[in-house]
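Peer 1: Protein chains in written order, with our numbering: chain A, 1 to 355; chain B, 356 to 532; chain C, 533 to 780.
In short, the hints are calculated from the structure, not lab data.
Under the rule of at most 30 Å between Cα atoms (straight-line distance), these lysine-lysine pairs were calculated in the DSS-like manner: (1) B:Lys496 x A:Lys267; (2) C:Lys546 x A:Lys193; (3) B:Lys505 x A:Lys4; (4) A:Lys185 x B:Lys505; (5) A:Lys268 x B:Lys496; (6) C:Lys541 x A:Lys193; (7) A:Lys4 x B:Lys515.
A few chain A positions that, by computed beta-carbon distances, are all more than 10 Å from chain B: (8) Lys193; (9) Asn325; (10) Ile347.
Source: prediction; values computed, not measured. By construction, the Cβ of each residue, glycine as well, lies at the ideal position given by its N, Cα and C atoms.
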Amino acid sequence: MSEKVLMKGNDVIAEACIRAGCLHYFGYPITPQTEISHYLAKRLPELGGTFLQAESEIAAINMVYGASAVGARVMTSSSSPGISLKQEGFSYIAGAELPAVVIDVVRCGPGLGGILPGQCDYFQVTKGGGHGDYRNIVLAPNSVQELYELTVESFNLADKYRMLCMVMADGSMGQMMEAVQFKDKEDITVYDKPWATNGMGNRGHSNFITSVNVNPDELEKTNLRLQAKYRLVEKNEIRYEEINCENADIIVVSYGTTSRIIKNVIKKAKKIGINVGLFRPITLWPYPYEALAKHTDKVKAFLSVELSAGQMIEDVRLAVNGKSNCYFYGRMGGHIPAQQELLDEIIRILKKEDK
Amino acid sequence: MQYEIIIAGFGGQGVLSAGRLLVYAGMLEGKHVSWLPSYGPEMRGGTANCHVIISDEEVGSPILNFADIAICMNLPSFDKFETFVRDDGFILCDTSMVSSEKISETKRKVYGIDATTKAIELGNKAFANIFIIGKLLQITKILRPESIEKALYDVLPEKKHYLIPIEMEALKMGLSN
Amino acid sequence: MAKERLHPKSIQDKVWHYCPGCSHGIVHRIIGEVIDELNIQKSVIGIASVGCSYNNYEYFNFDVIQAAHGRAPAVATGVKRVLPNNVVFTYQGDGDLAAIGTAEIIHVAARGERLTTIFINNAIYGMTSGQMAPTTLPEQITKTTPVGRNTDYHGFPIRISEMLALQEGTAFVERVSTHDVKHIIKAKKAIKKAFMVQQAGLGFSLVEVLSTCPTNWGLTPLESQEWIKDHMIPYYGIGNLKGKDIKV
Chain A
1 MSEKVLMKGN
11 DVIAEACIRA
21 GCLHYFGYPI
31 TPQTEISHYL
41 AKRLPELGGT
51 FLQAESEIAA
61 INMVYGASAV
71 GARVMTSSSS
81 PGISLKQEGF
91 SYIAGAELPA
101 VVIDVVRCGP
111 GLGGILPGQC
121 DYFQVTKGGG
131 HGDYRNIVLA
141 PNSVQELYEL
151 TVESFNLADK
161 YRMLCMVMAD
171 GSMGQMMEAV
181 QFKDKEDITV
191 YDKPWATNGM
201 GNRGHSNFIT
211 SVNVNPDELE
221 KTNLRLQAKY
231 RLVEKNEIRY
241 EEINCENADI
251 IVVSYGTTSR
261 IIKNVIKKAK
271 KIGINVGLFR
281 PITLWPYPYE
291 ALAKHTDKVK
301 AFLSVELSAG
311 QMIEDVRLAV
321 NGKSNCYFYG
331 RMGGHIPAQQ
341 ELLDEIIRIL
351 KKEDK
Chain B
356 MQYEIIIAGF
366 GGQGVLSAGR
376 LLVYAGMLEG
386 KHVSWLPSYG
396 PEMRGGTANC
406 HVIISDEEVG
416 SPILNFADIA
426 ICMNLPSFDK
436 FETFVRDDGF
446 ILCDTSMVSS
456 EKISETKRKV
466 YGIDATTKAI
476 ELGNKAFANI
486 FIIGKLLQIT
496 KILRPESIEK
506 ALYDVLPEKK
516 HYLIPIEMEA
526 LKMGLSN
Chain C
533 MAKERLHPKS
543 IQDKVWHYCP
553 GCSHGIVHRI
563 IGEVIDELNI
573 QKSVIGIASV
583 GCSYNNYEYF
593 NFDVIQAAHG
603 RAPAVATGVK
613 RVLPNNVVFT
623 YQGDGDLAAI
633 GTAEIIHVAA
643 RGERLTTIFI
653 NNAIYGMTSG
663 QMAPTTLPEQ
673 ITKTTPVGRN
683 TDYHGFPIRI
693 SEMLALQEGT
703 AFVERVSTHD
713 VKHIIKAKKA
723 IKKAFMVQQA
733 GLGFSLVEVL
743 STCPTNWGLT
753 PLESQEWIKD
763 HMIPYYGIGN
773 LKGKDIKV
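Isolated chain A (complex conformation) (with noise of 0.2 Å):
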């Protein structure tokens, strides 16, 4: 390990980018994440890579598709009215089995929104958007340490299952600054790409890349194809964080950076007396359901922490399966809850499963 530094959370996403072996970017500026685009202006084309400016969020998309399907890593980055534009690439990314790295530093919505950190577009990335029966992985960092990691590892992933790997964080992620430790050398899995449609060469046949097909029956079986292999993910690449789930009487779900706040109320209740838990999904998609659900005899409640009208609590619900009661506590706007706000209302959620 390199020496600790201290760097902007969108730069490091940029750095990971370019130790995860991907030298071509697609973007079109939005803030709160125009870091990215400027690191990488600079670096990729001293590294003999591409950084292209689209004209919109829909152009970069599909350069990543094209670039894609010629078998370079690639990737894109954009926050959420511009991750709105790129919903339909994602579904041609998902029907044609293309890997693709987009990185969505959320802000806030809906329409224009605000440029503030908002978690509000979890349904967005988890649950589509754009058309079809396809899904995407959905990594989840809270710290810059993991937004490093996970970006470098969401390479990876995508090449590995052929899909779309998205890196969802928040403002509030790409603009502060944080220590980083840079790995000496990248966990970098190569993949042979068969598929590429990168010319003939001497392969002996045509390749071609494509998500459209007329024929119900040949339709029908890449559409299982594909839900094989997102069971496979399911399977595969679940990742959470649990921290004092043991014996706590309540357990906060929570991923990004309100995972961040809940690890100091956690430290408040004890004072207290209090046992908070906290359950932190790294993957929003595939969803930690079952080791969610192992917590349901143990707790009284359950309280999902969002900066959000209360999007993940849906999945929160799914897990607990009505076994223990599910709350909500959301800001929005920008708005981020306090550690008191929090602690108050994990006092009143107690107060009242105690009747």
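Fit chains B and C to the known structure of chain A by using the hints.
Peer 2: Just chains B and C, lined up with the frame of chain A:
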């Protein structure tokens, strides 16, 4: 121990770089640190600010709801962040930019240093933030001056290293003010 | 004595799914011949779009990527930036290129991407069964202009070639027709030159091919060829718009 600090002022007064310098020095001392700038249109308008956390423990939210210390380098920042400070916290302000009348009106504890005036005397008003950091170190002992010096060498591009001895002079003046 | 079939290597030996009298088959064949003549079958990468030719990879015998509606130029950009030494072309119709994909095509031209676009202009939406296209002629009847395109109400046809020729990044533009053998030979020359301009790294090249759509025009194949001659050519004009003097 955990210090939660907001640093605010006009763009160009070096409020963001002051914050970066503090967290870098904190990191060098093995502390947990985070730095979060105000971003977006605010960056271009007038006031800029950053949230700084220097802690012995893992940092929770990088976004502050309240601060232990508000460093106010101009009047609008003083007005805006006076109430952001916890009751047992304090405000540190550049008295070249915030009037003593204004300071006398607040219930919060206030420390002052005429950083901009002193910086101009030293030949460059861009050093005002270093005077402020010196004063902060004097009040809190939050970091060692040697760490600030090392951080300056790491953070500044090499072509600006010739300025560091002058900046360290400003830091010492702030420390002994 | 068995006749030798002069079949391009770059075209698969299959029956087209295109309607009788449709120009797609002619233009596919031209592209196949040009790729053979330039000896680039092993390196060329085609981008199929959305429209009747969405699955032209079923006929082409080289690598092809199927793109979302209008986005073929962006997909081609991604390909070309990764593989600058491969010849890359898009094959797009008038709905794909001149309506939903207008932004993408203008920007590849503005950037001077070393790409070639084959633009099929048949003045109508074929795949969706005959609605107005951006290139539908004034007074032309379509399913969505049942009493004819009224320019006051529906606006005017877009002259794509003229517009793209204005872009500094564009090196070569020619509008050609497929209504008779003489013009088909000219079309092939233009397409070959467009590919060669790309190979020479001179910038973006585009060939607009005035094409038939007998099914949706409600005409026989022969009448359709006449319709190009009598209606489309007088409105759009044919010939070179940029890069006539380039020697490649």
